[in-house]
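Model the full assembly from the supplied sequences, consistent with the hints where possible.
Here are the chains, one letter per residue:
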Amino acid sequence: MHVSIAYVTDAELVERAREGDADAFGELARRHGAAVYRAALAALGSPTEAEDVSQEALVQAFRKIDRFRGESSFKTWVVTIAWRRALTHRRGLALRRHLFGSTLDEAFAIQPAAATRPADDLLIAGELDATVRRLIRALPSRLRDALLLAATGEHTYEELAAILGVPSGTLKWRTSEARRVLRQKLATLGWVR
Amino acid sequence: MNHEQTDLIDAAIDRVAARLVEAVPPERMYAAVTLGMSAPDRRRPARPLLWSLTAASATALLILAVLLRSQPGRPTVVPDTPPAATVAEAPAAPEPKPLPVRALRPVQRPLPRRQLPTMSPEPAVSELAAAIADIDVTEIAVSAVSVTAIAVEPIGIEPIHVSDIEMDP
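Respectively, the protein sequence lines represent chains L and R. To convert, note that position 126 of the first sequence is 126 in this note's numbering; the numbers rise steadily by one, no gaps. To convert, note that position 119 of the second sequence is 119 in this note's numbering; the numbers rise steadily by one, no gaps.
What the hints contain is simulated information worked out from the structure, not anything from laboratory work. Beta carbons are placed, not taken as given, at the ideal position from N, Cα and C, and that holds for glycine. Just to be clear, a hint being listed does not mean it is correct.
The calculated lysine to aspartate or glutamate pairs, modelled on EDC-like cross-linking and capped at a C-alpha distance of 20 Å, are [unchecked claim]:
no., chain 1, residue 1, chain 2, residue 2
1, L, LYS172, R, ASP14
2, L, LYS75, L, ASP23
3, L, LYS64, L, GLU27
4, L, LYS75, L, GLU12
5, L, LYS75, L, GLU127
6, L, LYS185, R, ASP10
7, L, LYS185, L, GLU158
8, L, LYS185, L, GLU127
9, L, LYS75, L, GLU51
10, L, LYS185, L, ASP129
11, L, LYS172, L, GLU158
12, L, LYS75, R, GLU22
13, L, LYS172, R, ASP10
14, L, LYS185, R, ASP7
15, L, LYS75, L, ASP129
16, L, LYS185, R, GLU4
17, L, LYS75, L, GLU158
18, L, LYS64, L, GLU19
19, L, LYS64, L, ASP23
20, L, LYS64, L, ASP21
21, L, LYS185, R, ASP14
The calculated label-pair distances, taken between Cβ atoms and stated as ranges, are [said to hold, decoys possible]:
no., chain 1, residue 1, chain 2, residue 2, range
22, L, LYS172, R, LEU50, 44 to 54 Å
23, L, ARG31, R, GLU22, 11 to 21 Å
24, L, PHE68, R, TRP51, 26 to 36 Å
25, R, ALA31, L, GLU15, 20 to 30 Å
26, R, HIS3, L, THR48, 33 to 43 Å
27, R, HIS3, L, PRO167, 23 to 33 Å
28, L, PRO140, R, HIS3, 24 to 34 Å
To list a few chain L residues with every Cβ distance to chain R over 10 Å, as calculated [what the hints assert, rightly or not]:
no., residue
29, ARG69
30, HIS98
31, VAL132
Dropping the structure here:
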């Protein structure tokens with residue numbers, strides 16, 4: 001009886017991909033492509049750059065599938081590959097920005113809030129959101145990475161700790177510290193009394 | 001900061017952070033991945049260990065040879081156009097002594113012709129001739145890249161001319 005590939009587990013798909021089944025890996029890419037893309041977006045802030053890095057990471061994962069030992073889930077493994085590539089890419093972008101000026105204007109761009117509230121509320125919320133966005137961009141990368149990766153909602157703290165290569169306690173502290181710094185800066189700017 | 005404000009700020013942080021990473025990857029990304037999977041891996045294959053060791057040994061030997069050749073105190077003269085027919089080696093002189101400093105002044109490579117349009121004969125040749133005239137020479141070794149002259153002290157020995165030296169078979 002033919003079983004649709006959509007019902008096959010990740011572990012079985014990995015086994016098939018190891019045997020060279022490109023369709024099996026294609027299904028894995030479909031299942032976890034969004035997580036890969038969001039991790040890259042958290043690191044880079046630019047959809048274009050995130051797309052390039054995600055694509056490269058998935059192809060690299062396909063070629064190195066033999067090295068996947070199953071110690072973590074396939075999703076954690078492939079997101080870790082993407083995260084490392086994204087960090088390397090980010091260093092290159094930072095160098096380019098240092099040499100040639102800002103090339104990341106679109107980084108961390110944000111869509112305007114949906115019009116579901118009265119105009120005054122939207123204005124205030126929009127201004128607050130813009131301020132928060134600016135402050136998130138200004139966070140140290142360690143705090144920002146933890147905050148944004150957690151915001152993807154794709155991973156548990158343990159998985160995120162594995163991706164970042166830090167103890168889960170450290171990751172939790174970084175997320176909490178990011179919030180504390182943001183609250184403090186918003187207070188300084190007069191958003192809270 | 002009261003609870004209401006804290007909740008408002010926390011909600012704003014969550015909202016903005018989620019919006020920054022909530023995007024869905026475009027469909028073309030999967031198509032590009034499929035294409036990339038079928039493309040040949042263009043990474044450079046790893047070199048075999050034996051090849052790497054051989055290359056490293058050869059490099060080390062080359063560096064050693066250069067270092068030994070460039071030892072200070074070993075007079076080396078570079079001719080302008082070494083004639084292939086004069087390549088020969090005289091038998092080693094007994095206990096050669098170092099050349100007096102005054103006898104072999106440092107010979108510099110000639111500057112390019114375009115900078116010295118009227119200079120004749122070639123400076124390096126004249127320098128070499130002057131150096132040979134000042135000393136007693138028992139050995140002249142001419143190779144494709146250098147001329148080495150070693151002086152010895154016994155006075156009265158006739159200078160050896162290049163044309164007198166038998167060619168090595």
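Status of each hint after checking the structure:
Between the alpha carbons of LYS172 (chain L) and ASP14 (chain R) the distance comes to roughly 15 Å, so the proposed pair stays at or under 20 Å and holds. As the CA atoms of LYS75 (chain L) and ASP23 (chain L) are separated by approximately 17 Å, the hinted pair is consistent with the 20 Å bound. Taking the CA atoms of LYS64 (chain L) and GLU27 (chain L), the gap is about 16 Å. The hint holds against a cut of 20 Å. Restraint check for LYS75 (chain L) and GLU12 (chain L): satisfied, since their Cα atoms lie roughly 14 Å apart, inside the 20 Å limit.
Distance hint between LYS75 (chain L) and GLU127 (chain L) is unfulfilled; the C-alpha atoms sit about 36 Å from each other, more than 20 Å. A hinted pair counts as satisfied when its Cα atoms are at most 20 Å apart, and LYS185 (chain L) with ASP10 (chain R) qualifies at roughly 13 Å. Taking the CA atoms of LYS185 (chain L) and GLU158 (chain L), the gap is about 29 Å. The hint is violated against a cut of 20 Å. With a C-alpha separation of about 15 Å, the suggested pairing of LYS185 (chain L) with GLU127 (chain L) holds against the 20 Å cut-off.
This hinted pair checks out: LYS75 (chain L) and GLU51 (chain L) have alpha carbons roughly 17 Å apart, not beyond 20 Å. The straight-line distance between the Cα atoms of LYS185 (chain L) and ASP129 (chain L) is roughly 14 Å, inside the 20 Å bound, and the hint therefore holds. For the hint pairing LYS172 (chain L) with GLU158 (chain L), the CA-to-CA distance comes to about 10 Å; that is within 20 Å, so the pair holds. With a C-alpha separation of about 17 Å, the suggested pair LYS75 (chain L) and GLU22 (chain R) falls inside the 20 Å cut-off, and the hint holds.
Distance hint between LYS172 (chain L) and ASP10 (chain R) is fulfilled; the C-alpha atoms sit about 16 Å from each other, no more than 20 Å. In summary, the hint linking LYS185 (chain L) to ASP7 (chain R) is supported, as the alpha carbons are separated by about 16 Å, within the 20 Å threshold. Taken as a hint, the LYS75 (chain L) and ASP129 (chain L) pair is broken in the structure, with Cα atoms around 31 Å apart against an allowance of 20 Å. Distance hint between LYS185 (chain L) and GLU4 (chain R) is fulfilled; the C-alpha atoms sit about 17 Å from each other, no more than 20 Å.
Simply put, LYS75 (chain L) and GLU158 (chain L) have alpha-carbon atoms about 13 Å apart, close enough for the 20 Å limit, and the pair holds. Our distance criterion of 20 Å between C-alpha atoms is met by LYS64 (chain L) and GLU19 (chain L), whose separation comes to about 12 Å. This hinted pair checks out: LYS64 (chain L) and ASP23 (chain L) have alpha carbons roughly 16 Å apart, not beyond 20 Å. The straight-line distance between the Cα atoms of LYS64 (chain L) and ASP21 (chain L) is roughly 14 Å, inside the 20 Å bound, and the hint therefore holds.
Restraint check for LYS185 (chain L) and ASP14 (chain R): satisfied, since their Cα atoms lie roughly 16 Å apart, inside the 20 Å limit. In this structure the supplied range 44 to 54 Å holds for LYS172 (chain L) paired with LEU50 (chain R), their Cβ-Cβ distance being about 50 Å. Roughly 18 Å separates the CB atoms of ARG31 (chain L) and GLU22 (chain R), a value that falls within the hinted 11 to 21 Å. Taking 26 to 36 Å as the suggested C-beta distance range, the pair PHE68 (chain L) and TRP51 (chain R) conforms, at roughly 29 Å.
At about 25 Å, the CB distance of ALA31 (chain R) to GLU15 (chain L) agrees with the hint of 20 to 30 Å. About 41 Å separates the C-beta atoms of HIS3 (chain R) and THR48 (chain L), a value consistent with the hinted range of 33 to 43 Å. Taking the beta carbon of each, HIS3 (chain R) and PRO167 (chain L) are about 31 Å apart, inside 23 to 33 Å as hinted. Our hint of 24 to 34 Å for PRO140 (chain L) and HIS3 (chain R) holds, since their Cβ atoms are close to 28 Å apart.
With a least CB separation of 21 Å from chain R, ARG69 (chain L) remains clear of the 10 Å interface cut-off, as annotated. For HIS98 (chain L), the condition that its CB be more than 10 Å from all CB atoms of chain R holds, with the nearest at approximately 23 Å. A beta-carbon of chain R comes within 10 Å of the beta-carbon of VAL132 (chain L); the shortest separation is about 4 Å.
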